[in-house]
Structure formats: structure tokens, C-alpha cells
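Chains A and B supply the protein sequences, listed in that same order.
Under this note's numbering, think of the first position of the first sequence as 1, with each following residue one higher.
Under this note's numbering, think of the first position of the second sequence as 1001, with each following residue one higher.
Since the hints were made in silico from the structure, they are not lab data.
All of these numbers come straight from a predicted model, not from anything done at the bench.
Note that the Cβ used here is the ideal one computed from N, Cα and C, for glycine as well.
Be a bit skeptical, because a hint or two may be false.
To be verified - Derived DEER-like restraints, expressed as beta-carbon distance ranges:
# : chain 1 : residue 1 : chain 2 : residue 2 : range
1 : B       : Ile1056   : A       : Arg17     : 50 to 56 Å
2 : A       : Leu78     : B       : Leu1278   : 55 to 61 Å
3 : A       : Val320    : B       : Ser1192   : 54 to 60 Å
4 : A       : Pro40     : B       : Gly1129   : 53 to 59 Å
As the list claims (entries may be wrong) - Covered stretches of chain B, going by a simulated chain A footprint (3 or more residues, C-beta under 8 Å):
# : segment
5 : 1039-1053
6 : 1078-1092
7 : 1140-1150
8 : 1153-1165
9 : 1221-1235
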Amino acid sequence: MNANAAPKIPFSYLKNRLITFFITVIIAATIIWIIPRLSPVDPAEAMLGRMASSAGFVENADQILLDLRTQFGLNEPLWQQYLIYLKNLATFDFGVSVANFPTPVSQMIAAALPWTIGLMILSLIISFIIGNAAGAFMAWEETPKLWKVLIPAGMIFTSIPPILSGLLLMWLFASQLEWLPLSGSYGLFVTPGWNWQFIFSVVEHGILPALSIVIVTFGFWALGMRGLMTTVQGEDYVQLAKAKGLRPRYILYRYMIRNAILPQITAFALKIGLMVTGQILVERIFSYNGMGKLIYDAILNQDFAVIQGASYIIILMTAVSVLIVDLIYPFIDPRIRHEGSK
Amino acid sequence: MTVSEDKAQKLRMKRLKRFDNPWLNTKLLTGTGIILSILLLALLGRLFWNTDLVYIGSAPLNLPPLGFDNIRGDGASWAHPLGTQSSGRDMLALLIVGAPNTLIIGIIASLLGMTIGIVLGFYAGFIGGITDDFIRILSDVMITIPPLMVLIVFQTSIGEVGIVTMGLLLAGFMWQSPTRLIRAQVLSMKQSGYVRMAKLSGASSFDIMFKEMLPNLIPYLFGSFIAIVTTAIVTAVGLETLGLGPQRVPTLGKVIYEAIDSAALLRNMWWWWGIPTLSLASMFIGLLLINLGLDEVANPRLRKV
Chain A
1 MNANAAPKIP FSYLKNRLIT FFITVIIAAT IIWIIPRLSP VDPAEAMLGR
51 MASSAGFVEN ADQILLDLRT QFGLNEPLWQ QYLIYLKNLA TFDFGVSVAN
101 FPTPVSQMIA AALPWTIGLM ILSLIISFII GNAAGAFMAW EETPKLWKVL
151 IPAGMIFTSI PPILSGLLLM WLFASQLEWL PLSGSYGLFV TPGWNWQFIF
201 SVVEHGILPA LSIVIVTFGF WALGMRGLMT TVQGEDYVQL AKAKGLRPRY
251 ILYRYMIRNA ILPQITAFAL KIGLMVTGQI LVERIFSYNG MGKLIYDAIL
301 NQDFAVIQGA SYIIILMTAV SVLIVDLIYP FIDPRIRHEG SK
Chain B
1001 MTVSEDKAQK LRMKRLKRFD NPWLNTKLLT GTGIILSILL LALLGRLFWN
1051 TDLVYIGSAP LNLPPLGFDN IRGDGASWAH PLGTQSSGRD MLALLIVGAP
1101 NTLIIGIIAS LLGMTIGIVL GFYAGFIGGI TDDFIRILSD VMITIPPLMV
1151 LIVFQTSIGE VGIVTMGLLL AGFMWQSPTR LIRAQVLSMK QSGYVRMAKL
1201 SGASSFDIMF KEMLPNLIPY LFGSFIAIVT TAIVTAVGLE TLGLGPQRVP
1251 TLGKVIYEAI DSAALLRNMW WWWGIPTLSL ASMFIGLLLI NLGLDEVANP
1301 RLRKV
């Protein structure tokens, strides 16, 4: 194969990768379908109980119970229920929310998802840049002594889940210094839309959640980058560049970072699940309008349809991102050939 | 070589290496120190402090830690050196009881997850074929599914779990990364001389895997173990801060949940969420340092840096 030709994804690899993707989604969907079936609680009775507790008394309770059971499809044989469930998932039909009856769950998720994805992409980009720069400087021979001490000290935070850093930042910047708002994803007195006030408010509310994710994730990239940099440092082309008398800074950017940064992208595929769930918890403590708040409210309201739907969407989101990373990787790094390509 | 010569040789090697022992690096020692001191606090605390103070109403409400005042201007008392929260639980007692619970969940999950991972990883890498395909695909699939989401579904539909159940549930999501790590290592070690030698001399697959190859992987295994202890604790704390997780015993995550839920931030009761947050943070930092230290043991290239 010509080395300059654009890498192609071989069909067998694509097929394998897609099969793994579908197995992942189906196994996840099956797990979150089986678990509630193991529970002794009858969803129809639970629904009736909720009606009874809000209305005080329910007429024709027996009839309603039967109707609810038919409506939930509980009278069908199990395998049929399972197939219907899979069909519903494929069409993103998760039923209706019990707490916000009769809003469809998919509508609630559609409202929350952009916030989560926006926050995720923002914090990911920032932490990727900071982390890789920090990692490169940690391994680089020319880095000033002071930075070699400061960067590892800053990396102490990496092991902490973002919820803890979130609490600390919230206390410091929102509660004590009152520089930034404490919670929510935009101010109470702005109208959502494309106006400056709203955009400013969104940015202002996004800083703390994003920051709490960045300070705990950048070290992950930094550690990986440092490892890759130590490997690159020993390579012949770096030695040659040094021997040629190129400026050290130029060698760092052109020769070392550019080669070391690529494998970092695969590391992302492994980490994304943890990142998504970490962010969901951050959203919960900041009452940010994303999936985290949706799930937390659903837990408080015992709104199982929402929990199931939101969990499925998050798992799907993770699986899709991993798939995308795996598929685009050979386009970014031509050194990598998928199994099966020549 | 006679036995005594062998011994003398070993002793000489030991003396030479005394100052160069990779296992004695600062990171590893500091990290171990932090984790041990948390455990020590829990052990000594149970001896010298009244752990019944974790119950609701066993202490005055909203007392600040020593040296601080709360919003109403109440001073601290020596009876509750770390303060109390708003349903009258003593913070020190919560810390003494909660911290080891959190750690135990992580350790149970990763011990079990690690065992599964070692067995699956070795079988996948060493035996290959369909076994390998099956294990590889299964671990690829399971590594993508975020444990927190499945556990949220589990907890909201099944309900109450204890510390041990929690650890076992988490273990179901902790075996994938050791499996992949060990499989990769085994694949590269399979071709090495001593493994082929062992095969030629007729050792059984079991012996080759667990007696010949396993000891070489020990630094990796420790590193992986610590990494999944961290992941397990992060997930458990995540569940607890959502108000799920073990309900009847205090855990650090649950203390944080109650603090957020009772608006401790607005009421300026920083000790309520701050003490569990800081102790969890130091726990994670300790685990990270151990992991970095083990990295240096496994990867000599890092030692100079």
C-alpha cells in the first residue's frame, strides 16, 4: 500500500467494530431491562399507589390496576415484553414520566442532553489541551525546575472524582468569594434565546462545573503524555534533530509532541465512561440542567421510566463516542493500520 | 553452586540493592502512609472514641469544629472536636465509621474483580482461539458500559444494599481492565524463552500461567489493583452522593449527600461536607501516589524523570 494514500477502514474491521457496538448496546439494554424485573415491586401497583397518595382515594382501583397492567404491557409473555422494549428503545420511546405525567421521557431527555453534551465537549477540550501541555513539559528536558515541581503538584487532584473538586470550588468561588453563581445553568431573570444576557449567563454558570471537571481530568492526559514523551525522547529522529542543532523548543513542538499526542486519543476511548458519569454527578451538585439533574430528580420522585431512559441514553452516548474514536483514529494517525488492512 | 555460596551471593546482591530498591520509592511510601493512617484512624478511633455518636440525635446540633464558630455564634466543644451536623451526628464518629466502610467497598470490589480479571486474562491470552475471542469481545463490551448507570437502575428498582453487596455489585464492572491488561502482557510473554522452556519440559498450562508467568506481572497487578480500587470507590461515592448506596451504615459519600441535601453550603457549615470531602480526597491522593510509585517499579524508564 502506498504510504501516502489516505488510510481506509477495511470492511472486516468496520464490521467487527459495529458488531461489538451493537452487542454493547443490546447487553446494556438487556441489563437495565432485567434488573427491574427482578424487583418484587409491580410498576402498575406503584403507579396506583402514587395516584392514591396524591388524590387520597382512587375509585375503581381494581379496574385501574388491570388497565395499567395492560397499558404497561405486563400481561404479555416476557419474551414479547422484551422485544417490544427493544423496539421502543430503537425508536427512543421510553414511555411517559410518572412525576411529570404525561410528558414523554424522550422529550425530557432531549431538553437535558444539549446541556450535558455542551459542558462535556467544553471541559474535554480544555482539559485535553492543558493536560497534554503539562505532560509534555513534565517530560521535556529543557523545562525550568520550578515547573517540574509545580506541575506534578497540580496533578495531585487527578485522582479525585469531580464531585469533590466541584464542592471545593463551589464553596470557594460561589459561597465564600461570591464571584460566580452557586447553581443552575443560567440565571433566573434571563430569557433563554440568542441574546447576550443569556449567553453571558450560561457562560458564567458553566465556568465552575467545567473547571471542576478540568482540574481533575487534565492529569490523566498529562500522565499519558509524560509516558509517551519519555518514549519519544529516546527515538532516533529526536536525537538526529538535536544533532542537527535545531532549537529545543522547535524539537519539542515539531518532533516530540506531534508524535506523542496521537496515541492519547485512544486513551480517551477508555476513559469516556468514567468522564460522563463523573460529569453527571457534577451536574447534580451544581443543579445544572443536564442529565445529572434529570436523573437525580427522577431518583427522588421514584420516576423509573426516566431513570431507565436516561441511563440507556448515557450508555448509548458512551458507546457511540468509543465507536467514533476507534473509527477515526487511523485517519488521524497513519502509522496505525487496522487488523486486516495491508 | 552450593547452597551456602548461593546464600552469600544473595546477601551481596541485597546489600548492593539496599539503596536502590525500586519498591522503596517516595511516592509508594507516602501513598501507603496516607492509606495506613486512614485505617489507623479508623482502628484507634473505634478504641478511643464513642462510635455510637453516629446515631441521629446523639449530640447537640450544628456545632462547629474546634477553633471556629457557627452562624449562631456557638463555640466548639471538646466533646465534639470536629463538630456535629444538623441531625446531631458527631463528625469525628462519622469519619471513624464511614472512612473504612468506603475503603472496604473498594477493596472487596477490586479483590473479586482482580481475581476474575487474572483468570480471564490468562485464559484469553494463553489459550487463544474462540476463548480469546469471547473474552475479548465481552470485556470490550463491558468496559464501555458505565457502571454508575447500571447501578443507579439496580438501586432504584431493587433498593437497599449493604457494604458487601455493594462491593460485589461493583466487582461486576471492575474485571474488564485487568483482563485486557493481563491478556496483552500474556500475549507478549507467551513467546519468551522461559515459557517455551517450561512448555517443552512438560509443565501444565495451569503451572505455566500461574507459577511461571504470574510472578512477572506482580508490579502490573498491584498497579491495576490500586487503579480499580480507585474506580470502585469513585463509583460507590457517586452512588452515595445521589442518595443511593448503603443506607443503614454511614459512608463518606452519604455524609456528603446529606450535607448537600441540607444546604450545608448555604448555611456555611463547611465542616459537614468539607471533612468527608477532604478525607476522601486524601484517600484518593494516597491511592494515586501508590499507583505512581508502582508505575516506577514496573517501568524503570520513569525512575530518572
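- Report holds or violated for chain A covering the segment 1140-1150 of chain B, Cβ cut-off 8 Å, minimum 3 residues. Since 11 is at least three, the answer is holds.
- Count the residues of the segment 1078-1092 of chain B whose CB lies closer than 8 Å to any CB of chain A, then report whether that count reaches three. violated (count 0)
- Message: Quick check: does the Cβ-Cβ distance between Pro40(A) and Gly1129(B) fall within 53 to 59 Å?
- Response: Check failed, 43 Å falls outside 53 to 59 Å.
- Message: Within 55 to 61 Å: is that where the Cβ-Cβ distance between Leu78(A) and Leu1278(B) falls?
- Response: 49 Å, violated
- Message: Taking 50 to 56 Å as the stated bounds, is the beta-carbon spacing between Ile1056(B) and Arg17(A) within them?
- Response: Holds: the Cβ-Cβ distance is about 53 Å, inside 50 to 56 Å.
- Coverage assertion for the segment 1221-1235 of chain B with respect to chain A, Cβ distance below 8 Å, three residues required: holds (count 4)
- Cβ contact check, 8 Å cutoff: the segment 1153-1165 of chain B against chain A, three residues minimum: holds (count 6)
- Starting from the hint 54 to 60 Å, judge whether the C-beta atoms of Val320(A) and Ser1192(B) obey it. With Cβ atoms ~39 Å apart, the hint is violated.
- Do three or more residues from the segment 1039-1053 of chain B put their C-beta atoms closer than 8 Å to C-beta atoms of chain A? Violated - the segment 1039-1053 of chain B has 0 residues with a Cβ nearer than 8 Å to chain A, which falls short of three.
When the structure is compared with the earlier hints, violations turn up for hints 2, 3, 4, 5, 6 and for no others.
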